[in-house]
Amino acid sequence: MNGLAILIPVALLMGLGGLVFFFWAMRNGQFEDLDGAAQRVLLDDEDDEDQS
Amino acid sequence: MNAVTPISSDQSQTVVSRFAVPAIRCAGCIAKIENGLKDTPGILSSRVNFSTKQVAISHLPELDDDQLKRKIEALGFEAQVLADNPLSEEKGSTDKLIRALAVAGFGMMNIMLLSVSVWSGASGVNRDLFHWISALIAIPVIAYAGRPFFASAAMALRYGRTNMDVPISIGILLATGLSIYETATGGAHAYFDGAVMLLFFLLAGRVLDGMMRDRAREGIGALLKQTAPGAMVLDDDGKTRWVAAKDLLPGMHMMVAAGESLAADGEIISGSSSFDCSLMTGESEPQPLGKGDLALAGTLNLSSPVTIMITATGEDTSVSDIARLMDEAGQRRSFYVRVADRAARYYAPAVHSLALLAFLFWMFAGAGWHQSLLISVAVLIITCPCALGLAVPAAQVVASGALLRKGVMVKDGSALERLAEADYVLFDKTGTLTLGQPTPVNLDDLGLTQKQVALALAQASRHPISKAIRSSLLALGIEPVALDDIRELPGKGMTASWGGVKVMLGKPEKSGDHLSSQLTVGSDSVVLQLQDEIRPDAAEAIAALGKMGLPAEIVSGDNPQSVALVSRALGLSAQAGASPQDKVEAITRLTNEGHKVLMVGDGLNDGPALAAAHVSIAPGSASDVGQQAADAVFTSESLMPVALSVKVARRTMQIVHQNFSLAIGYNIFAVPLALTGMVTPLIAAIAMSLSSLIVVGNALRLNGAAK
Numbered sequence: 644m645n646g647l648a649i650l651i652p653v654a655l656l657m658g659l660g661g662l663v664f665f666f667w668a669m670r671n672g673q674f675e676d677l678d679g680a681a682q683r684v685l686l687d688d689e690d691d692e693d694q695s
Numbered sequence: 012m013n014a015v016t017p018i019s020s021d022q023s024q025t026v027v028s029r030f031a032v033p034a035i036r037c038a039g040c041i042a043k044i045e046n047g048l049k050d051t052p053g054i055l056s057s058r059v060n061f062s063t064k065q066v067a068i069s070h071l072p073e074l075d076d077d078q079l080k081r082k083i084e085a086l087g088f089e090a091q092v093l094a095d096n097p098l099s100e101e102k103g104s105t106d107k108l109i110r111a112l113a114v115a116g117f118g119m120m121n122i123m124l125l126s127v128s129v130w131s132g133a134s135g136v137n138r139d140l141f142h143w144i145s146a147l148i149a150i151p152v153i154a155y156a157g158r159p160f161f162a163s164a165a166m167a168l169r170y171g172r173t174n175m176d177v178p179i180s181i182g183i184l185l186a187t188g189l190s191i192y193e194t195a196t197g198g199a200h201a202y203f204d205g206a207v208m209l210l211f212f213l214l215a216g217r218v219l220d221g222m223m224r225d226r227a228r229e230g231i232g233a234l235l236k237q238t239a240p241g242a243m244v245l246d247d248d249g250k251t252r253w254v255a256a257k258d259l260l261p262g263m264h265m266m267v268a269a270g271e272s273l274a275a276d277g278e279i280i281s282g283s284s285s286f287d288c289s290l291m292t293g294e295s296e297p298q299p300l301g302k303g304d305l306a307l308a309g310t311l312n313l314s315s316p317v318t319i320m321i322t323a324t325g326e327d328t329s330v331s332d333i334a335r336l337m338d339e340a341g342q343r344r345s346f347y348v349r350v351a352d353r354a355a356r357y358y359a360p361a362v363h364s365l366a367l368l369a370f371l372f373w374m375f376a377g378a379g380w381h382q383s384l385l386i387s388v389a390v391l392i393i394t395c396p397c398a399l400g401l402a403v404p405a406a407q408v409v410a411s412g413a414l415l416r417k418g419v420m421v422k423d424g425s426a427l428e429r430l431a432e433a434d435y436v437l438f439d440k441t442g443t444l445t446l447g448q449p450t451p452v453n454l455d456d457l458g459l460t461q462k463q464v465a466l467a468l469a470q471a472s473r474h475p476i477s478k479a480i481r482s483s484l485l486a487l488g489i490e491p492v493a494l495d496d497i498r499e500l501p502g503k504g505m506t507a508s509w510g511g512v513k514v515m516l517g518k519p520e521k522s523g524d525h526l527s528s529q530l531t532v533g534s535d536s537v538v539l540q541l542q543d544e545i546r547p548d549a550a551e552a553i554a555a556l557g558k559m560g561l562p563a564e565i566v567s568g569d570n571p572q573s574v575a576l577v578s579r580a581l582g583l584s585a586q587a588g589a590s591p592q593d594k595v596e597a598i599t600r601l602t603n604e605g606h607k608v609l610m611v612g613d614g615l616n617d618g619p620a621l622a623a624a625h626v627s628i629a630p631g632s633a634s635d636v637g638q639q640a641a642d643a644v645f646t647s648e649s650l651m652p653v654a655l656s657v658k659v660a661r662r663t664m665q666i667v668h669q670n671f672s673l674a675i676g677y678n679i680f681a682v683p684l685a686l687t688g689m690v691t692p693l694i695a696a697i698a699m700s701l702s703s704l705i706v707v708g709n710a711l712r713l714n715g716a717a718k
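Quick note, the sequences are listed as chains A and B, same order.
Position one of the first sequence corresponds to residue 644 (my numbering), numbered consecutively onward.
Position one of the second sequence corresponds to residue 12 (my numbering), numbered consecutively onward.
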């Protein structure tokens, strides 16, 4: 019984965390350019080194 | 990584402009554009979206769209200004559905966890606790994820109609209300799990459908892109100013430089030039126009600047006429959508009355209001047309995915339905049966230096023939020579001097019935023949279509000689010199004879025909208008995808029919059980989900159909 009092909130919070993360990713535009992300791996970054 | 240049001061004043850059093909293109734009003063950052082939540039307000467009073009990419994204709103609706789906999925899994504990024997205080937690999760989840259904149901009811969403909303709300009552009174059963699971599966179907629709909407507003966004207007006092297309008035004088397209219809009052009218007529050869001739909006001025007195603007231009023609033709076609809507309108009230009757019957039979309400909720859930609703979109999504891997993009689910029914094919010629790009066939007649001179001359011109010669010579790895004094003589060609020798590339003295060009170096001259080659395996594709029972015919706007050449090679009958209206009439005639016509065409002049035909396909090289009007677009050089799409479409319809029988069979089996009170809402929800899964599984078999 005591275990349940911990486990249920933990399960809920973890699920909620995943959900919040997914919402953030959608709002942040992470799914806007799926093919582009695959291509950008191949870019040379030399020109971008001055950026933080 | 993102090529963001450090932002100095007034961040608040930046403007974001979007450009369509269809030529983005690889990582190199991304780097070239982003790094190339980075060093331009006034541009703060640029970001390439590879999936949509767009570039978003955030810049200071001093730079206007036209300057930015030229910057991108200087990097070697053709660009088009995108107006304020008209898609964003529509795309937002799918995003909303995906969020609702995520929330419903979260709720479903957690509630299931608790429900399984209840089923496996939790009792007393534990059971009540689990029910309360379920309620705590379910109520916000239903409130959030159910919004699309509630909103649509409320809208329908406000206008005194009913749709699929009304029984779904009532079922969910009743099940939730009943469960809250059960929980509060410490009852043995709560049905939060059923309600949330129902929402999850319904939303999954909607999301699939929405993604399909979004893909279809790509390339909206294509027609307006054909006309220029505005023009330089010459005022009476001799000053020039830039006027946006919507502010142009008949009577204004606009100056059109070489390489610009026209923003309005008008009469040429000074200068003469050749115009690329291929968008309007499909004719591959540029037309020379001089003083007094009518030039149409959307055509491209190729060789020299002209002044044009505007006669028609905006809605009155010929290009808008074509748009209207397409619109009207498209509306005629939406018959199928109406049939589906009507079926839904009859189905929904039937479900309501069935549930209500069940409730009344069990009340009279003395089952008590609680038991009667449970039965009617079970009926509402079990008759939920999910499997029926998924039967068509699931099959269509899988089939169009399979076709996409073969280079055919089907834009609209109902296109597959119509494609399966087609029994007659009409082909356009230029760009459809042929590749649409003339290629020189006798380059071997030229010596190396002649090739180098030809390339140097061809590079300086925008004429389609020059472009063709240039690209074939570049493909051979020829380096151009340096020329002085390059000039373009309208209607004649390019001249220049090469180390004191006069060289020329232009119209031959004797021109035959097909495209040709003459290269003169000093006193030697060679005539280059150009041919628009027929697509590889066009004959096989036409034979394959014939085997499936689709006879073919050609309708082309081109001249009879060049049409005859192709029709003889492929053994098809042909109609030449057809205007856009003629093409529509040809389709109407065939339709009246009882045929379902598949139109395959590419140009703007095919637009109305593509929209009027029962179903239509355009090649990927087609004008934006052609691509937008067509139901499907194929990207390969071969014509085989046309035959393949018909084959896959027929297979898809088989699966759809199977799915319908499965879904209807399930309803015939389950509804009587629910009516007799043998099914609880939970079992109803499980049975409903199971039937949906079976339907989706059956649709997945289409994955291998496009082989």
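A few of these clues could be false.
Sample of chain B residues facing chain A (criterion: CB under 10 Å; computed from the structure) [what the hints assert, rightly or not]:
id : residue
1  : C37
2  : F61
3  : I679
4  : F680
Honestly, the hints are just simulated from the structure, not real lab data.
All values reported here derive from a predicted model rather than from experimental measurement.
The beta carbon of each residue, even a glycine, is placed where N, CA and C say it ideally should be.
| query | Which earlier hints turn out false for this structure, listed by number in ascending order? | reply | 3, 4
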